[in-house]
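Novice: Residue numbers (our numbering), protein chains in the order written: chain A, 1 to 370; chain B, 1001 to 1370.
These aren't lab readings, by the way, just hints derived from the structure by calculation.
C-beta atoms are modelled at their ideal positions from N, C-alpha and C, and glycine is treated no differently.
Fair warning: there could be bad hints in the mix.
Which residues of chain B face chain A? A few of them, derived with a C-beta cut under 7 Å, are [said to hold, decoys possible]: (1) PRO1067; (2) GLY1068; (3) GLU1324.
Chain A residues, not near chain B, derived (Cβ > 12 Å throughout) [unchecked claim]: (4) HIS23; (5) ALA45; (6) HIS62; (7) ARG85; (8) GLU108; (9) ARG162; (10) ALA173; (11) ALA251; (12) SER272; (13) GLY276; (14) ALA293; (15) ASP323.
Reference listing, derived: stretches of chain B covered by chain A, where coverage requires no fewer than 3 residues with Cβ under 8 Å from a Cβ of chain A [said to hold, decoys possible]: (16) 1042-1055; (17) 1071-1079; (18) 1250-1260; (19) 1293-1303.
There are 2 protein chains.
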Amino acid sequence: MTLRWTPHATDGQARAGMLHTAHGEVPTPVFMPVGTAGTVKGMTADGVRATGARMVLGNTYHLMLRPGAERVARLGGLHALMDWRGPILTDSGGFQVMSLAGLRKMDEDGVTFRSHVDGSKHRLTPERSIEIQHLLGADVTMCFDECTPFPATHDEAAKSMRLSMRWAARSRAAFVPREGHGLFGIVQGSTYEELRAESVAALSAIGFEGYAIGGLAVGEGQEAMFRVLDFTAPMLPADRPRYLMGVGMPADLLGAVRRGVDMFDCVIPTRSGRMGRAYTSRGALNLRNARHAEDASPLDPACACPACRSHSRAYIHHLIKCDEMLGPILLTWHNIQYYQDLMGRMRAAILEGRFEAEAAAIEADWNTPA
Amino acid sequence: MTLRWTPHATDGQARAGMLHTAHGEVPTPVFMPVGTAGTVKGMTADGVRATGARMVLGNTYHLMLRPGAERVARLGGLHALMDWRGPILTDSGGFQVMSLAGLRKMDEDGVTFRSHVDGSKHRLTPERSIEIQHLLGADVTMCFDECTPFPATHDEAAKSMRLSMRWAARSRAAFVPREGHGLFGIVQGSTYEELRAESVAALSAIGFEGYAIGGLAVGEGQEAMFRVLDFTAPMLPADRPRYLMGVGMPADLLGAVRRGVDMFDCVIPTRSGRMGRAYTSRGALNLRNARHAEDASPLDPACACPACRSHSRAYIHHLIKCDEMLGPILLTWHNIQYYQDLMGRMRAAILEGRFEAEAAAIEADWNTPA
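Please model the complete structure; the sequences and the hints are all you need to start from.
Specialist: What follows is the structure, given as structure tokens:
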């Protein structure tokens, strides 16, 4: 049987469930740390596991360039290469390739682009993207699509979405069904409700193991994003997992879970960690700030990660000021831990039918700095 | 009682023993990973502990500038700050300050220098160096000395050594004896046997809990270093630990243990790790090299570190090529693990009276690439 998702509870629009994959079960809602080039930046696989993370994301674009999809396959696949024993979702490469302004040329069949690493020429089509994701060994494979830029006129958004729908059908045809593996369709249509509806209808007609809501977190702002979720999520099949790609800040996760999203990925916790930023149960902290120089308290008194268990804000401030690798290492670990803890807290609340009360408590804490 | 060292066995000149400190016992011979600015670069304290390392080094020069010795003391000392529960040896700052060519001015009383970080003016004297090391909470404090540059004429070396001996007496006077803490004298005298003898006599007259052999690993080469050890080590009191500062490569450690040295520190395993180099039981590897791109074997089949247990050379090559933090993290971990394993292997052999046979086996393996 292909990859399944079992609903466990709903509370308002919020859903708790279980994703069943070839590499184990994943409680949802779930946040997947991003392992762009086969590594969650700054963390060992053991460290990622220790945060409670059960599933990570890998990037087709980066991995096809280095070390190369065929090479990953020869080395036993992405799971073995990065020592990640849980499930892996791979993106299609579409988002990154479309971002290569001036370095890519799109046609009906696919996209030709130049590598940001060495300028070499490459081509991605729906068929090749799916093939690469198979070579990597993805548990969840994503359709190759065009992430419609924001803002887009209705015509631009319609044209872009319809191309993605044709590519979705080709992705489905190219996908080789295997036990515990699945292909997700990606809903496009920018901020236009009727285009989102058209996209959902097109994808549902093809049929996928899960549905991603694409083209968000691209500059439209949280309010517009939530508005799109408000009308798009209810259009999606209730028995399939819903994935909001590239989202987001803790408040974005909370608002999207509230609106019925089950899966997330984002570079924010890792990238912010490298830049000296911590997300905590009491809001965000910039550890570069001199006010932390003699602060003996932990980043987050509610957190059990190694940074919070063993070190002070003063120490992490010192590490960041000295450009010591351990600063980003500890902040990344903490941020991933915080994201996992946040998702776990939301899931428990959904199961117990008290999501809104928990959400209110979480938000109140964010506004009460420790 | 101040810090003690108990001999357990000798085999030729090689010695095995136990260092008894305020923060626990340390089997010798021992390699201390370098935690320059309060962190072993690229590793968590848990990671360092997991390699079997029992003692680390901290740098007075770096820590006095950032975060500042008084600040470290206010934050509970260096052990608490970096979450290192074992003993810590701090250097005196002398070596780094003397290296600041053009930025420092030395007189009989001490050295005035400018910070490499912000150009601010600072002064180190024997008394201030010892005070800083007390503020940091060092288990082993080092005398403030001048590391005689290499090469030096007999006159230059004598003058420099005699200044260090006067500073050693002042360091001893400034040191506050505490249970399990000790002060080490540093033998100077460059490559001149009679100057080394004069230095040992001067230090022995003062009396220290341990003796470092300074002014080596500064460009004289392995042969000259071993020659100095050959005549200097036997001059030192047999009941005190001997520390060779800033050494070295695996073959240097083996040769120095053979000559009666008990303690070592060096940035080589950490710095080399950041540069893509691995030390293994089968010799050194440069992971940047394309020949590792598809090599599914571990760095070192004889090693149980996370890099060797979970990953291939191909993966680490990929990480290094992509400038991923995990590359240096894994290589640093491995190198520290290898250094600990090497010391443990030598210690076990000394205890069993088969040091030379073990040394020959180790050297044969280095010359048999895996």
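Novice: Of the numbered hints stated previously, which ones are contradicted by the structure, given in increasing order?
Specialist: 2, 5, 6, 7, 14, 15, 18
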